[in-house]
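Engineer: All chains, please: the whole structure from these sequences, using the hints.
Each chain is listed here by its residues.
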Amino acid sequence: MAKVLVREAARTQVVGQGVPRLDAEAKVKGQARYADDLSFPGMLYGKAIRSERPHARIRRLDLSRVLAHPKVACVVTAKDIPGRNCVPIIYEDMPLLAEEIVRYVGEPIALLAAETREDAEEAARLASIEYEDLPAVFDPLEALRPGAPQVAVPTAAERGNLFNHMVIRKGDVARGFAEADVIVEGEYRVGYQEHAYLETQGVIAVPEENGIAVYGTLQCPFYVQRAVAAVLGLPLSRVRVVQTATGGGFGGKEDVPSQVAAMAAVLAWRSGRPVKVVYDREEDILTTSKRHPAIVRYKTGAKRDGTLTAVEVEFYYNAGAYQTLSSAVLWRGLVHAAGPYRIPHVKVDGYSVATNTVPCGAFRGFGSPQVIFAHEAQMDELARRLGMDPLELRQKNALREGDETATAQVLTESVGLLSCIERAKELSRWEERKQKVAEFNARERFRKRGLGVSTVMYGVGMGAKAPLLDKAGAYVKLEADGSITVAVGNTEMGQGAMTVLAQIAAEALEVPLSVIQMAPVDTSRVPDSGPTVASRTTTVQGLAVLDAARKLKAKINRAVQEILGCPAFVVEGRSFCDPKDPRRRVTLEEVARWMWVHNWDMGATGWAEAAPVDWDPKTGLGNAYFVYAFACHIAEVEVDILTGEAHVRGFWAVHDSGRIVNPKTAWGQVAGGIAQGIGYALLEELQAKEGRILYPTFTAYHIPTTLDMPEELVIDFVEAPYSGGPYGAKGLGEVPLMASHAAVANAISAATGGRLREYPALPERVLALLEGEK
Amino acid sequence: MRLKFRLNGRPVEVEVPPGRRLLDLLREDLGLIGTKEGCGEGECGACTVLVDGKPRLSCLTLALQVEGKDVLTVEGLAQGGKLHPLQEALVETAGVQCGFCTPGFLMAAYALLLENPNPTREEVRAWLSGNLCRCTGYEQIVDAVLLAARRLREEKGAES
Amino acid sequence: MRLRPIPAVKPRSLEEALRYLEEGGRPLAGGTDLLVAIRKGQEKPELLVYVGELPELRILREGPEGLEIGAALTHAELLVHPATERFPILRAVLRTIGSPAIRAMGTLGGNLVTASPAGDSLVALSLLEARVRLVGPRGERELPIPEFLVGPRKTALERGELVRSVFLPYPEGHPRSFFRKVGRRRALIIAVASLGALVWVRDGRVERARLALGSVAPTVLRPRDVEEALVGRPLAPEAWEDLVPVLSAATQPISDLRATAEYRRKVAGRLLLALAEALQAGP
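Residue numbers (the working numbering), protein chains in the order written: chain L, 1 to 774; chain Y, 1 to 160; chain Z, 1 to 283.
Since the hints were derived computationally from the structure, they do not count as laboratory data.
Watch out, some of these pointers could steer you wrong.
Unchecked claim - Pairs of lysine to any residue, SDA-like flavour, derived with a Cα cap of 25 Å: (1) Y:4 / Z:4; (2) Y:54 / Z:82; (3) L:396 / L:408; (4) Z:44 / L:695; (5) L:551 / L:724; (6) Z:40 / L:52; (7) Z:44 / L:70; (8) L:71 / Y:30; (9) L:29 / Y:152; (10) Y:54 / Z:39; (11) L:71 / Y:1; (12) L:434 / L:419; (13) L:448 / Z:235; (14) L:436 / Y:122; (15) L:299 / L:234; (16) L:448 / Y:122; (17) Z:40 / L:692; (18) L:448 / Y:126; (19) L:555 / L:597; (20) Z:44 / Y:17; (21) L:299 / L:126; (22) L:477 / L:519; (23) L:448 / Z:238; (24) L:29 / Y:70; (25) L:29 / Y:117; (26) Z:40 / L:128; (27) L:71 / Z:82; (28) Y:82 / Y:9; (29) Y:4 / Y:15; (30) L:29 / Y:92; (31) Z:44 / L:126; (32) L:29 / Y:17; (33) L:448 / Z:280; (34) Y:4 / Z:40; (35) Z:44 / L:700; (36) L:29 / Y:151; (37) Y:69 / Z:36; (38) Y:82 / Y:1.
Structural biologist: Structure, rendered in structure tokens:
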């Protein structure tokens, strides 16, 4: 049975309430408009002609048969791009269309637009490309060897195929290990994780009188605006990006829509007609970003009583052929590598490496799940070696207020980790459950159960690697009839952002939620608000909404004072009244009308930027993030020892994300993150060979179904409020995924008596663990 | 072919190639965009509709297969501007996140309640196992179906 | 990929359907296999002949010897029809196929024609020693399952022939039914290995057994030697251990995207212990 347990009474009216999502009604009626649901008169369908080779020189590109197709309206190659041939992300190494060299299977070489989707697909197959194959490399360790084929565009790499190397040097690990009584070491590997958002990538570019408009499924409209302006050679002011209803993102619609939109925009610009580009599932899996495959090596030392003394980490991320977001992904992995623990001596080396594979990018957790798998496995191994309860070991080392993180950041407030652990222990009836599992295992012949735990921390926001992006704007407008429009620059991708932001606005304006309408996100409405990523929307965009709402509230208050002729008044629902004479009252509608008649400015803009952060790249030390969120997860799994099949039976998750604005949507975020974590640890495998993804379908890539979810799922929040967030809120979105897979992995290890060192724990791998492969 | 069938309770007559996918017929020819394509090969359930009261994947159904049939899509659930109890319950439990899988879940759940008005939690989980959702972890969707089932039974009890 | 609409016809009678088939048309019933294969470019039929609603293919006839099931009845229809109550193994298997929507579309006839080595319903048909009734330009004929399924995705169907129905003889007495499918997740999967069984039990021992395995050989496998070796054994996993390697050795698995041959071989044998455990636990 699912239960929502939220404690701590709030003094707020709307914030803290599990109100229904604002977008739910349109979605249950089938009226929400996603990218492929929009059409424009004269619209063409765009399609990319893509590389079939992982690394090759294009000898000859013959598009004559494509051009001859009667339904093809427009064909574009690199030389036809009106602006720069580049999809700008962090670096500018990735061309929109390959010119001489292709670096991965699926890289776009040319584009076409045709009258129908079927015509476009048919025409794309008529391209004839002659390649001269170049030596290719697919493994990050091989790519770093001297003499490896050069994949990386040299201007985007530190050297050779090394995109980035980042470090943390804190204390002296040699001393730390000398002080340790027990040292554990291990290498851990993970493959791709595919976002598998249910709505594939899709945009429509529409030429307009003064420029171009782009409608699409996307997380970061201002990234798309920049990319489209670059490829068209237009000023940003002539590119307008409008977000359509977005069927899931999880990071997969952070940078990729820039590429898709740039394709559609170039075709639209060249043809003068609207162009829709919507990927089918195969194209989406084959050509879009994924979670980085990784090789992670850990060494952790502890004293006999469990006190951690040192950790040394080396990890390699397979970035794919272009930089995209890899440097930022690597940095988050680096900062999170030591886990939520007090460790005096820390040495971390992270490497992101270019290979001839599809570029990897953002995926919920953003470079942290790979290292979390490893650090939580290490904690478990330590607990086993020390004969300690794994929760107790974590309690002993958990970061507390006043402690220093691995980057020597002192945590001054809002550290709810210990409360998370205690609550998770209580909810799972930990001691009793351990006993029951032991009894089950003694009794059953063909089934074994195991418990696993994980604790994580999460740096909210962009952090010190990209402080320029950690900002947001908002515009709040009182309409003449008393309704209120709120425009923001961050997006709704399913996570519930618009509802939470509306709650914050309603709270600050002291109006019922029903008065608030969130405007569709459109880059022309508010200043560049940075990306919708890094679990920062509630905090940073929320602060901007709060700022605007408070300014508008001050105006409304002045108007009420003038109307009622009294300095103070009380708010009752939609009315304001004189406390001395409750009959003297005025409604919000009347106030709005009054302000309109008197030509008042009824709008207010808001702005927020994240609290300052700093970081020294030489030592990896500094205040990496403005605040951290925490979680403790516990999983119970059962494995079938005949077949190796594993199932998560029970799951207990407790989060500290500061004040929870909407407990129902927060609950859903956690449950969804647990599902993705179960998928990552147990089910999801994307097989690839020599840079080719072999089975790009949902038939082969298994995300969890209803039946893969635990029968018992308990989720709770402990709230350690953050003074810098709106009403005390921190970030939540990514954290559940980060914690869940590691708890499942540790439970698999416990049930099998082995040590899971590679994801996913498919039946064959579990069987090997059971048979003593350690 | 000249195809005649009933769509959301109304007779429809449309000229369509017999081998056109029902999904495309609904979305592109008839403008009912509520039915979604998630994978195109019957693995995600986003395109689920009801044909004569049974769930069907419209991406693997050809136009000629609905000749003379009764087709129900998500657009046909709300009656007279009032949400169907399943829709209402999904709103209440926050079983909708990105919403792209939602129409498919609604249609699958609707078919379940036709067949079994009083399902257990396990029965709901089993029945919905053909519909993929990447956002919710399913729990709040299952909660919604159980809630709607209870309300529908109560409604029915009140009527009789 | 979105294909242009495939030419398709809906014949009004079996005769008309057979004429189209003779001209090279491909029969379409539920579409759950064929339309996916067409989309992937694995099949390129010139004409689809929709036979899903032909009355001759939708019969369900209970006779004295057994049940005749029209090839175009869907799994969902069979699961709720009282006539299939006498075949618990069929129901146990059908319940695990795909999803409710797939079961409301897919048909036994379609599964037979697809002839996938992983076809779950074929395990049940094999255990029940079903006979496939075909109709074609040269009239009708009947084939036992092993003669109909000639290889992976290969059947004995000749050009212009159509599966009309499947005949299931009533099993003698009251055998216990067992079906276990191993896969990579708990729903919506293609079996990595499966074991179905009908076991006649007397006085706590196996009197007679039929076993059928899916996904571990070119077609459904009936390991006759293991079936015979089980006779007389008590219902206890430890008393069957010696047969695990024998059953493994009887398989001819391949490695594919879902599992290695080695895993399939190993697990196929071990499923025997799961069967013993289930029998031991009682009906």
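Engineer: State for each hint whether it applies.
Structural biologist: Okay, the hints, checked on the actual structure:
no.: 1; hint: Y:4 / Z:4; in the structure: 21 Å, holds
no.: 2; hint: Y:54 / Z:82; in the structure: 19 Å, holds
no.: 3; hint: L:396 / L:408; in the structure: 19 Å, holds
no.: 4; hint: Z:44 / L:695; in the structure: 20 Å, holds
no.: 5; hint: L:551 / L:724; in the structure: 18 Å, holds
no.: 6; hint: Z:40 / L:52; in the structure: 18 Å, holds
no.: 7; hint: Z:44 / L:70; in the structure: 23 Å, holds
no.: 8; hint: L:71 / Y:30; in the structure: 23 Å, holds
no.: 9; hint: L:29 / Y:152; in the structure: 19 Å, holds
no.: 10; hint: Y:54 / Z:39; in the structure: 24 Å, holds
no.: 11; hint: L:71 / Y:1; in the structure: 24 Å, holds
no.: 12; hint: L:434 / L:419; in the structure: 21 Å, holds
no.: 13; hint: L:448 / Z:235; in the structure: 22 Å, holds
no.: 14; hint: L:436 / Y:122; in the structure: 23 Å, holds
no.: 15; hint: L:299 / L:234; in the structure: 51 Å, violated
no.: 16; hint: L:448 / Y:122; in the structure: 22 Å, holds
no.: 17; hint: Z:40 / L:692; in the structure: 17 Å, holds
no.: 18; hint: L:448 / Y:126; in the structure: 24 Å, holds
no.: 19; hint: L:555 / L:597; in the structure: 14 Å, holds
no.: 20; hint: Z:44 / Y:17; in the structure: 18 Å, holds
no.: 21; hint: L:299 / L:126; in the structure: 54 Å, violated
no.: 22; hint: L:477 / L:519; in the structure: 10 Å, holds
no.: 23; hint: L:448 / Z:238; in the structure: 18 Å, holds
no.: 24; hint: L:29 / Y:70; in the structure: 19 Å, holds
no.: 25; hint: L:29 / Y:117; in the structure: 22 Å, holds
no.: 26; hint: Z:40 / L:128; in the structure: 21 Å, holds
no.: 27; hint: L:71 / Z:82; in the structure: 55 Å, violated
no.: 28; hint: Y:82 / Y:9; in the structure: 16 Å, holds
no.: 29; hint: Y:4 / Y:15; in the structure: 9 Å, holds
no.: 30; hint: L:29 / Y:92; in the structure: 14 Å, holds
no.: 31; hint: Z:44 / L:126; in the structure: 19 Å, holds
no.: 32; hint: L:29 / Y:17; in the structure: 28 Å, violated
no.: 33; hint: L:448 / Z:280; in the structure: 19 Å, holds
no.: 34; hint: Y:4 / Z:40; in the structure: 30 Å, violated
no.: 35; hint: Z:44 / L:700; in the structure: 22 Å, holds
no.: 36; hint: L:29 / Y:151; in the structure: 19 Å, holds
no.: 37; hint: Y:69 / Z:36; in the structure: 23 Å, holds
no.: 38; hint: Y:82 / Y:1; in the structure: 35 Å, violated
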